[in-house]
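**Student:** Line by line, the protein sequences are chains A and B.
Using this note's numbering, the first residue of the first sequence is number 1, and each one after it goes up by one.
Using this note's numbering, the first residue of the second sequence is number 1, and each one after it goes up by one.
Honestly, the hints are just simulated from the structure, not real lab data.
Just to be clear, a hint being listed does not mean it is correct.
Okay, derived cross-link-like pairs now, DSBU-like style, lysine-lysine, Cα gap no bigger than 30 Å in a straight line [as the list claims (entries may be wrong)]:
hint, chain 1, residue 1, chain 2, residue 2
1, A, Lys-255, A, Lys-131
2, A, Lys-9, B, Lys-228
3, A, Lys-62, A, Lys-131
4, B, Lys-97, B, Lys-14
5, A, Lys-175, A, Lys-204
6, B, Lys-85, A, Lys-9
7, A, Lys-9, A, Lys-137
8, A, Lys-175, A, Lys-195
9, B, Lys-163, A, Lys-9
Derived contacts from chain B toward chain A, CB cut-off under 8 Å, selection only [to be verified]:
hint, residue
10, Asp-81
11, Thr-84
12, Phe-93
If you want the footprint, here are the derived chain A segments under chain B, 3+ residues with CB under 8 Å [said to hold, decoys possible]:
hint, segment
13, 10-20
14, 33-43
15, 398-410
Backbone N, C-alpha and C define an ideal beta-carbon position, used for all residues, glycine too.
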Amino acid sequence: MRFISLALKNLFRRPVRTALTIAGVALAVAVAVSLAGFNLGYQQAIERSIDRLGFQVMIMAKGCPYEAATMMLKGGTGLLYLPADTFAQVHSDPEILSITPIFIGIAEKQGSSIREDSSSAFAVLTGVEPKTFLEMKPWLEFQSGTGFDGGKWFSPDATDEVVMGYEAATYEQRKVGDKFLATVSPYGQAEPVSKEFKIVGVLKRTGTQDDGTVFLPIKTAQAFFNRPNQLTILGIKLKDFSGGNLQEFESRWIKLPEVQVVSLEQVKSTLVMLIGTAQVMIVAVTVIAILVAIIGVINTILMSVYERTGEIGVMKALGAFRGDVFQLIWIETLGVCLAGSIAGGVIALGGAHLTEKAIKAVIDIGIQGSIVTITWPVLLGAFAGAAVVGFFAGLYPAWRAASMLPVDAIREGIG
Amino acid sequence: MTSNSILIEARGIKRHYLRGSETVKAVDGIDLEIHAAEMVSILGPSGSGKTTLIHLLSCLDSPTEGSLSINGKPVAGLKEDELTKVRRGVLGFVFQKFYLLPTLSVAENVELPLLFYRQPVRREETMAVLRQVNLEDHARFMPNQLSGGQMQRVAIARALIIKPKILIADEPTGNLDTENGIAVFDLFRALVREQGISVIVTSHNLVFGYRADRIITLADGRIVREEKGPAAA
Ligand SMILES: Nc1ncnc2c1ncn2[C@@H]1O[C@H](COP(=O)(O)OP(=O)(O)O)[C@@H](O)[C@H]1O
Ligand SMILES: [Mg+2]
Chain A
1 MRFISLALKN
11 LFRRPVRTAL
21 TIAGVALAVA
31 VAVSLAGFNL
41 GYQQAIERSI
51 DRLGFQVMIM
61 AKGCPYEAAT
71 MMLKGGTGLL
81 YLPADTFAQV
91 HSDPEILSIT
101 PIFIGIAEKQ
111 GSSIREDSSS
121 AFAVLTGVEP
131 KTFLEMKPWL
141 EFQSGTGFDG
151 GKWFSPDATD
161 EVVMGYEAAT
171 YEQRKVGDKF
181 LATVSPYGQA
191 EPVSKEFKIV
201 GVLKRTGTQD
211 DGTVFLPIKT
221 AQAFFNRPNQ
231 LTILGIKLKD
241 FSGGNLQEFE
251 SRWIKLPEVQ
261 VVSLEQVKST
271 LVMLIGTAQV
281 MIVAVTVIAI
291 LVAIIGVINT
301 ILMSVYERTG
311 EIGVMKALGA
321 FRGDVFQLIW
331 IETLGVCLAG
341 SIAGGVIALG
351 GAHLTEKAIK
361 AVIDIGIQGS
371 IVTITWPVLL
381 GAFAGAAVVG
391 FFAGLYPAWR
401 AASMLPVDAI
411 REGIG
Chain B
1 MTSNSILIEA
11 RGIKRHYLRG
21 SETVKAVDGI
31 DLEIHAAEMV
41 SILGPSGSGK
51 TTLIHLLSCL
61 DSPTEGSLSI
71 NGKPVAGLKE
81 DELTKVRRGV
91 LGFVFQKFYL
101 LPTLSVAENV
111 ELPLLFYRQP
121 VRREETMAVL
131 RQVNLEDHAR
141 FMPNQLSGGQ
151 MQRVAIARAL
161 IIKPKILIAD
171 EPTGNLDTEN
181 GIAVFDLFRA
191 LVREQGISVI
201 VTSHNLVFGY
211 RADRIITLAD
221 GRIVREEKGP
231 AAA
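With the rest of the complex left out, here is chain A (with noise of 0.2 Å):
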């Protein structure tokens, strides 16, 4: 026999209490992991959606960038429009290496729809310039098999034709060839206004907020909201993207009234340190769920090295020094937390999933994809970090026990 199952077998004496214990103990490991998988997650989900925009910089009508860009990245609510000339004045810029208008309106929610979740209560129209858009965006290709062959884009100027994202047409049930029904609030007009589309294409998923979203012509997507001089972002990618370059670009067409540019590092920038700011709460919750398992492990421990006063005594008697009683205790301290910290990264890896759906819920930016992302050498530093923790909770019960004078825990036993 070793201290190890000594202390081991000691632990399974009072199941329910040992569970009990090594539960908070996961329940902060869990909530350390995650917090962890979510550092390390989040500026790469970032960075990941804002470059899959395709293009580094935007120009588009004034107001705040970051809701801008979180617009952009949601294809959500709170359009604001500019000018359609903008593009022309632009797009001549002999910085620009390719540059696509992008006119952004919102149908609303169709009677086909299945799912009543507020994400889909709308429809994204997307009105774009296929040859353009497609330099920005050269990923996208059209899904394939039956129902699908055959996708292609639209010509320019077809007034009665759709692509469709990878969700977008799942959501809705739709093929290519299909018809898709949409009805829209056009500016200045009371009545809302349906149109019937053919749909030309669905697109493969992209894992981007382009999966959610209705592509038509970009002309028939302005007449269709009576919008026909305005767009809602110029998407450009320039040929030099360097800090000073940037500048000057942007200084040529901050004059532009009505306008803003907006560089996407910036906005990467901004959308990181907001999550920062969100993150000191549960840094804090962290700590909270850390302290209390610390807590809860000397106290159980203590609980335990107390009952067992008498035996200690005995141990003592029988020849153990006082070293050997810190070591069963310590061990004993060190096998709660270990235990814990498997369980704890067990429960944030099969919980990356909520963690996820719970942080989108309180900053929703409009990330796609997987914001928690919970690696190796995460697991392996809450493994070793729970071992520290277990070496110093284990420190003062185990320095209790190996105190216990053999005569007085006897004595004590008897009672």
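With chain A held as given, fit chain B with the ligands onto it using these hints.
**Tutor:** Using the frame of chain A, we list chain B with the ligands on its own:
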């Protein structure tokens, strides 16, 4: 008997406790020698100082006055771990409340001291001591499957596994009925006879207490009577 057969030698040992403003003279000046291969029983009413005395004799506790040597080594002023070193390999203990670890089997309980002695476990030896206490067929039992008498015999086997020179037993029969109590004392006598172990045992029960070589009676922390027992040669 020669002087080098003296295992424990106490000269004028006292152990006083402070209880509030009052001094409790639990042991109040005792001279005592324990020789090899003898069975000494310490009798006396409850509170007469039996437990305190044998805790002193086994250096689980230190006297407030007087000198004490174990196996020829003076123990005055030693620290706890140093006292443990003196005890190790010399003293085996049995307590009234058995103190078997409930999570360990009978055999594992018996082997527990070997863990602290950093000695390898040899099952034949475990079985040998279990045979001495007549429990070899209970090696795999858990403590809660045993009767009180059986538990006390496991505790004795646990004390024997390290081959002590002296076995110290404080009220080992306190939780046992007469039949089991007699069995324990007979077992002690057999150990003294057959293996030359010395046994110091306390009891407040005269039925068992007189089954020894030497009977020492305490009252108020002093020896009031010392006599040879019927078992003495
Ligand atoms: N730790 C202690 N503090 C104060 N008094 C004690 C302590 N231990 C024992 N005593 C007292 O010492 C006396 C002898 O006790 P003890 O040795 O246990 O006697 P016995 O074992 O014969 O019943 C009793 O009066 C008891 O109350
Ligand atoms: Mg007593």
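**Student:** Hint by hint, say whether it matches the structure.
**Tutor:** Cross-check of the supplied hints:
1. A:Lys-255 / A:Lys-131: holds, 29 Å
2. A:Lys-9 / B:Lys-228: Status violated; Cα separation ~46 Å.
3. A:Lys-62 / A:Lys-131: With a Cα-Cα distance of about 27 Å, the restraint between Lys-62 of chain A and Lys-131 of chain A holds, given a limit of 30 Å.
4. B:Lys-97 / B:Lys-14: holds, 26 Å
5. A:Lys-175 / A:Lys-204: The given pair, whose Cα atoms are some 12 Å apart, holds under the 30 Å limit.
6. B:Lys-85 / A:Lys-9: It holds: about 27 Å lies between the C-alpha atoms, which stays within 30 Å.
7. A:Lys-9 / A:Lys-137: Given that 30 Å is the threshold and the Cα spacing comes to 61 Å, the pair is violated.
8. A:Lys-175 / A:Lys-195: holds, 18 Å
9. B:Lys-163 / A:Lys-9: holds, 27 Å
10. Asp-81: holds, 5 Å
11. Thr-84: Holds - the Cβ of Thr-84 of chain B comes within 8 Å of chain A, reaching about 6 Å at its closest.
12. Phe-93: holds, 5 Å
13. 10-20: holds (count 3)
14. 33-43: violated (count 0)
15. 398-410: Result for this restraint: holds, n = 4.
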